[in-house]
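Start from chain A and add chain B according to the hints.
Protein chains in written order, with the working numbering: chain A, 1 to 337; chain B, 1 to 305.
Honestly, the hints are just simulated from the structure, not real lab data.
All values derive from a computational prediction rather than experimental measurement.
Among these hints, one or two may not hold up.
Output of the computed footprint for chain B on chain A, the stretches with three or more beta carbons under 8 Å from beta carbons of chain B [stated by the list, open to error]:
#1 57-65
#2 120-128
#3 147-159
#4 252-266
#5 311-320
A virtual CB, placed ideally from N, CA and C, is assigned to each residue, including glycine.
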Amino acid sequence: MIIRGVRRLFPGLSLIIGLAVICVAVHLTGDLLVENALTEALVYMVMVVGLWVFVGNSGIISFGHVSFAMVGAYASAWQTCCLAMRGVFMPGLPDWLLHADVPVVVAALLAATLAAAYAAISGVAIMRFGTFSAPIGLLSLLFVTKTVYENWTEVTAGQSSIVGLPLYVDVWTALGVACLAIVLAHLYKVSAHGLRLQATREDQAAARASGVVVWRERMIAYVLSAFLFAIGGILYGHFLGTLAVSEFWLDMTFLTLAMLVVGGMRSLTGAVVGTLVVSAIRELLRAGEQGFDIAGTTVAAPQGTQEIALAAILLAILIFRPLGLLGDRELGIPPLT
Amino acid sequence: MNTIQLLVDAVSLGSDFALVALGIGVVFGVMRMINFAHGDLITIGAYALVVPTAADLAPPFIGAWPGLLLVLAITAIVTLVALATERFAFRPLRRREVNSATLLISSFAVSYLLQSIVLFVHTGRPKSVSIFASLTQQLEVGGIRVAWVHVVTILVTLVLLAAMVTFLRRVRAGVEMRAAAEDFMMARLLGVRADRVIAIAFGISGALAAAVSILFVSKTGVLDFRMGVPLAIAGFVGTVIGGMGSLVGAVLGGFFLGVASTLLQALLPEDLRPARDALLYGLVILVLWVRPQGLFVAGGAGERI
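Chain A with its partners taken away, still in its complex shape:
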């Protein structure tokens, strides 16, 4: 019984152990810059694992999940940001929110629940779309959300930024949340709902004929994935300490999708590994833009190389390894999948 349980959880558990080892190792080196980069990577990992719950299991690409990061991050800011300045940044908040001082954990859970509810409402329509129209429907959702938040100036500060979110995200918080996200995602993958959704990914007609209600399975994954992605967005806000609507747009969409695809979007291990790989590449390119000292002279790549190189690397991986670095594989023994 216990052995079965461990075996069932193995891919999730081994990922967690691996991540913990990396975090401890980086912390011991005492290099704050690397630790900071790792924290950022773990924050993105929460989003990517969330994205994977929907995209990986359903096979439908989502260009809209960043909406949930935005909804979550702002909802958390409404509850926790800068009591003294809140009325200045967000004068449109109702009185009970304007003076509320919600503990950050409760605030995060409430905010992510709001995002999940947003997913549930939008999903009623979008989860019924076809394979080609669903990604565009999700993109429309992002467009709608962004336009609303950009113009809802009284509570989002519109085109400018909200500053002063409590900075509670260090490497250990990020690690803890990422691990929880991985466990949830893994449990979903091996659950009956996860298996049914994977069946619709492989052969929708056969799954339908076996009694799977496609839109319902998609909806469950979509809501869970929106919740996790929102948690990632909330951490992102409390990691940076500032929020701007323009952060939650195509750059973040591209980055999270790249992280998902590089490792292999069909496997949870792939999502985790992809996040680490892409984050590492980004850091290297960023360092390259700042320049290296070679024999006394600074050699720096011009500004903007980072984005070009990242897009080129992603394209190359897609061309040479269309299923990502890991393809279908998970860590450990996968007799259950």
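Just chain B now, kept in the frame of chain A:
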């Protein structure tokens, strides 16, 4: 604002969106891929008008050439870029028979790559360029004043649509393209060359993107490295609400979206106007909820087994 002026504006924007949707629809037909990079082809066409420089003020380059030469040069450049994306990104992917999700992500990556290159060369600051300046003058008929540029946009769109119809009906390559869109495997078995028909589709979509760049810049005069994004989104949504895989549907879908956008802008109360796009695209999601197969296709045109 006068009703007729409003209608001309609406039809003009509808024409732009229809051309974008047609360009996306042509590629979708033969490849079953929504080409994200289409918007960036439009951006590239627009930026080719000015000298590539990081400076704030970019002197016109091709934009200063005489009209006909300008149109030909921009069309050639954008078509070449479109063909290059096909040759170096999408063709290798197709050879590996990747699934549609991977193709979609790749087109997103190509789009991001093109955007980053434009950003790299021209920087992110918006620039301005004026082409066909005489088109901004007003045409006055019976007390109604309409900018020439709108009239020209509508006329050019009609000409391009007519050319497209002729091509698809009368020219062998066009007929092959329709056959490939209908059933790619069957068309190949009957002697249609896959690489050629897809390259032609990309070429046509590039030429259409070039037309949109020129029309759009002569309207606005502003260049921005993400100027293609909203246009492309409008095009995707146009093809989707028109019904995926139907070119007539794509044109009508794009047209409908442009008209609806202009009318909303004019008819919405003042304080709701900035959120027009939210309303419009929210509406689109609702439309697709009611008719997932699209507005302009027959009911039974779902995915076949």
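Tested hints:
A stretch counts as covered by a chain when three or more of its residues have a beta carbon under 8 Å from one of that chain; for the stretch 57-65 of chain A and chain B the count is 4, and the coverage holds. For the stretch 120-128 of chain A, the proposed coverage by chain B is satisfied: 5 residues have a C-beta within less than 8 Å of a C-beta in that chain, meeting the threshold of three. Only residues whose C-beta sits within less than 8 Å of a C-beta in chain B count toward coverage, and the stretch 147-159 of chain A has 4 of them, enough to reach three; the restraint holds. Evaluation of the coverage hint for the stretch 252-266 of chain A: fulfilled, as 5 residues show C-beta separations to chain B shorter than 8 Å, against a requirement of three.
Note: the stretch 311-320 of chain A has 6 residues with beta-carbon separation from chain B under 8 Å; the three-residue rule is met and the coverage holds.
The structure agrees with every numbered hint stated previously.
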